[in-house]
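So you can see what is in the structure, the chains are spelled out below.
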Amino acid sequence: MRASAQLRATIQRTTPPLLILLSAAIIVLGKADQTMFDSLRTTVTDDAAPALDVLSRPLNAAAAIVERARGIVTMYQDNVRLARDNERLLQWQQVALKLSADNRDLRGLLKVVPETAVSYVTARVIANSGGGYVRTVMVNAGSDEGLARGQAAVTGEGLAGRLTEVGTRAARVLLITDLNSRIPIVIESSHANAVLAGDNSGRPRLIYVGDHDATKIGDRILTSGEGGVFPPGLPVGVVAALERGGPRVEPYVELSQLGYVLVVDYGLSGALPQPVPVAARPGRRSKPATADEASVR
Amino acid sequence: MALKVSSIPSLPRVNSGLARTLPIATTVLAAIIAILPVQVPGYAALTPAFTLMAVYHWTIYRPDLLPPIGLFAVGLAEDLLSGAPVGVGALVLLLARAAVLRYRRHCINRTFPFVWAGFTLLSAAAMLVLWALHSLVQLTFFDLRATVFRTVLTIAIFPVASFALGRTQRALMGAAE
Chain A
2 MRASAQLRAT IQRTTPPLLI LLSAAIIVLG KADQTMFDSL RTTVTDDAAP
52 ALDVLSRPLN AAAAIVERAR GIVTMYQDNV RLARDNERLL QWQQVALKLS
102 ADNRDLRGLL KVVPETAVSY VTARVIANSG GGYVRTVMVN AGSDEGLARG
152 QAAVTGEGLA GRLTEVGTRA ARVLLITDLN SRIPIVIESS HANAVLAGDN
202 SGRPRLIYVG DHDATKIGDR ILTSGEGGVF PPGLPVGVVA ALERGGPRVE
252 PYVELSQLGY VLVVDYGLSG ALPQPVPVAA RPGRRSKPAT ADEASVR
Chain B
7 MALKVSSIPS LPRVNSGLAR TLPIATTVLA AIIAILPVQV PGYAALTPAF
57 TLMAVYHWTI YRPDLLPPIG LFAVGLAEDL LSGAPVGVGA LVLLLARAAV
107 LRYRRHCINR TFPFVWAGFT LLSAAAMLVL WALHSLVQLT FFDLRATVFR
157 TVLTIAIFPV ASFALGRTQR ALMGAAE
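Protein chains in written order, with the numbering used here: chain A, 2 to 298; chain B, 7 to 183.
Excised from the complex, chain B in its bound form (with noise of 0.2 Å):
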């Protein structure tokens, strides 16, 4: 398996405290929406994957604010707290970033449908390794069906995510790339 993973490209220095931890404190929050009760029926098992909205946006606009270890740090949070195998969220989005930074330079300066289609890739593979994994801890196939309406849910939030983080970015950053 290729692990190479790109450098982090240098980017322009943000001074303010409070901006330089708005990817991780924005994750965190992702993280923490995503095991809210919402009293929707079947809504627990169709959650979106709201995090891994986070780290693609992140990775691709500001990688080096979002470092692995924080993202190693949520990701076994959200496992303890969700009460799921231990790992396998961590791993997945560790592996979403390694993704996203190799090709990160195709995402840049690009239209947003552009940026929606690289996320729709993202969260197809994501949630097929995921299914993979919990499959493989378990010992049982789950049912592909709650995975394949789960990840077009999260395509589908995608956007109001990426609008929602893009405005704050721009808000306490200065301009996007």
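If we strip away everything but chain A, and leave its shape as in the complex, we get (with noise of 0.2 Å):
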């Protein structure tokens, strides 16, 4: 009796700093391997989303009825200003009909491979990171809905991010802003290729820009499809501010708002390779391979 009770003290008194170690030591293997917790996320991720799932739609209502609310107090206005955008578009309409015509004919004349079919998964944001040192949102479709890793989530207004995990009923986007983020684009105006890179900011940033001097504030940024992830042309922002470090690009898509994200398959989503274990990786604890390093330097 006395005995036991002695143990339970000290397994009282050792649990927590075992724990904290524990946890540290979590960190370090996290961060020495990436992929080492990627199933076990996805696995509380499935599990976890029937219940965010329910718990986040009071959050859409309420939205939606501000939303509503607000459209009330502008209906006369809107009005207004819907009449004159359609008699605008009624007109655009005609141009486009016209171009899409004279396109069809030149493709023809050209024998232009037809694009691939493309298909939408409309997936609703069900959790969001709290905190500002990831920008990921979780949505209510998996694998089961026919995503997978790389595809891109979209919005009306243009790119929102990519799949980076997908689970069998959720998945996670990874947000065009979030620090690990890396998007191939092209600058609309000088048809110059550069990087989106995430910094965590509201505005990302680009990085290897050819010309600095050709880039203006105001010019449309658009997916390169470079690197085979995302298809050529998706709208993603426009050139915000010019800072020493790169231009810095305001998003299209108002991201800290994200109610529904279109996940779209180009077709592309098998050019992202699977993330490789750490012991399968090349040059891992290869001595032969360390000398050669040697031998070149």
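To be clear, the hints were calculated from the coordinates, so they are not data collected in a lab.
Virtual Cβ for every residue (Gly too), placed ideally from N, Cα, C.
Some hints here could point you the wrong way.
To be verified - Sample of chain A residues facing chain B (criterion: CB under 7 Å; computed from the structure):
(1) 9
(2) 12
(3) 16
(4) 17
(5) 20
(6) 55
(7) 57
(8) 58
(9) 62
(10) 64
(11) 130
(12) 132
(13) 137
(14) 215
(15) 261
Join the two chains into one complex using the hints; note that each chain is given alone, in its own frame.
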């Protein structure tokens, strides 16, 4: 009896420091091998998805109500604006029809290979990442709905991000503002290629811009399609500021207010390699490779 | 680093099973609230640290019912669900618990402003540790301003959380200490 009480006291005393050390060890392990906790993450996400799905519904409903109330207040102005827009768009429609006919004829003449079919899955955002250190959202669709790693998440306005983890019922979208996001883009006016690099701020930065002077505020940024993950020509944002570290891009999508996203399958996701376990990576723990490196130097 | 952990004091026994799970249940709830997608511009980055509030409250009033292993599980689940590096949230929650447990005796039977001041110190320290850990893991310096705003928001919201937690505690466990 006495011994068991003593044992219990010992366990009670040693558990907290042990768990603290364990957490620290997990951080180090996760850093050393980024893929280590992927399957655990997917499992936990899948298990939590139904609960998060239900709990996030009232928030979506509340946002919809606010939107509706705002709509009622501004109904008259909206109506005037929409009538004007409509008039203008009808003219554009004529232009578009003519261009589309021209395009079809020219494609016929050139025997252009038709673009691959595109499939869309609409998914609702059920969780985001509280705190400012990661910029991802979780959506309530997964491999059951045909989602796969690397697919683009877009809204009506433009590119929001891409899928990085896909479970059976839920998937994670890495937003274009996240620190780890790198999107090959093209600057529309100058046709210059660059990479859009997120840094957790609201405005990602353009890096590897060839000609800095050619970039102007207001330039449209589109995906370039290089690397084969995204199709070319998806609208991403506009250049909003020119800084020393590179131009800043204001995304077209209001990323902090994502309610729904369209996950688009362009049939390109096969191009994104699956993560390779550390042990299987070439060059790891292989002496000859290091010797080769040394001899090259 | 001092990992010495003060022993858990003996508190009046709670017999109701529901009441016994209250601390863990509210901490889990806090973790879920923190990742729900509130559609307010800029909210995601400035979400208050709700779990920290629950940990502070329960470690002061009922440390016996918030076991470190439960806290570890909540922190780990939060990291996994929010897409953050695994272990960071768990480590910060456990460190916060250890710190609060150490100075716990100064915080009980005190007026609310004193408890709030204690939370101010804790959240400032916890947010700084969180910032340092994330900066270290991601090998980059995150903008400290966002962390400062988030800390201020967390401190500002604490009275509401403390009131709600205190009320549920009184309703389910009888008088608080």
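For this session: Could you tell me which of the numbered hints above are not met by this structure, giving the numbers in increasing order?
Result: 1, 2, 6, 8, 9, 14, 15
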